[in-house]
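S.K.: Heads up: the sequence shown runs through residues 0 to 192, numbered per numbering that gives the first Met the number 0.
Worth double-checking, as some hints may not be accurate.
[As the list claims (entries may be wrong)] Distance condition first, Cα-Cα at most 27 Å in a straight line; then the derived DSSO-like pairs of lysine-lysine: (1) Lys24 with Lys66; (2) Lys97 with Lys70; (3) Lys70 with Lys24.
In short, the hints are calculated from the structure, not lab data.
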Amino acid sequence: MCGVIGLVYENMVAELGHTAAELLKTLEYRGYDSTGAAIQGTSADEITLLKGVGAPSVMCESLGITKLSGKLFCGQVRWATFGAVTDANSQPHLVRCKQHLYGAHNGNVTNCDALKEWLTNTGHQVLSDNDGEMVVHTIEHFFDRQLQRLATDQRLSPAHRYQAMQQAISAASGKLEGSFAAVIVDPITECMW
0 MCGVIGLVYE NMVAELGHTA AELLKTLEYR GYDSTGAAIQ GTSADEITLL KGVGAPSVMC
60 ESLGITKLSG KLFCGQVRWA TFGAVTDANS QPHLVRCKQH LYGAHNGNVT NCDALKEWLT
120 NTGHQVLSDN DGEMVVHTIE HFFDRQLQRL ATDQRLSPAH RYQAMQQAIS AASGKLEGSF
180 AAVIVDPITE CMW
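Whole structure, please, built from the sequences with the hints as guidance.
M.R.: This is the structure we're talking about:
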């Protein structure tokens, strides 16, 4: 069991961190091993990732989540299944091996070890043993594959990126085994899936 949250605003919200903290605390019954939040501001370069071991009732304040402003929030509370209870295994995960994405998941990806080996062999830098990171990297892998099929000037087009992400999520779902849900964010388009 874990819990994931995604929240998108059209404009910057000064109190987004406070709202994020309250939402994470409401999910504490779903996971108290670790807590995390990725909050994005007005650009893809303005992402603050805060995560660590501990329950949301403690970690939201100590990590500084409550003090953040932003437009997008991706959060997770974890009850550890794959990977030890460590900061590295806390979620969300921000990846930039082939494309820039961030996200978190809830559930179990049962082929986690095989995915980690495959991802490492295909050029991804996997930093944890957490199946959530494997979800984000797997989607990143197929997203990059779809974007590479586009003309260079189309790769930043929201419509083209949207279609590429749809195809990537579909392809990744064929590679991932288990029972899970995820929140994935393309920070370029500020689109959350």
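S.K.: Of the numbered hints stated previously, which ones are contradicted by the structure, given in increasing order?
M.R.: Of the numbered hints, all hold.
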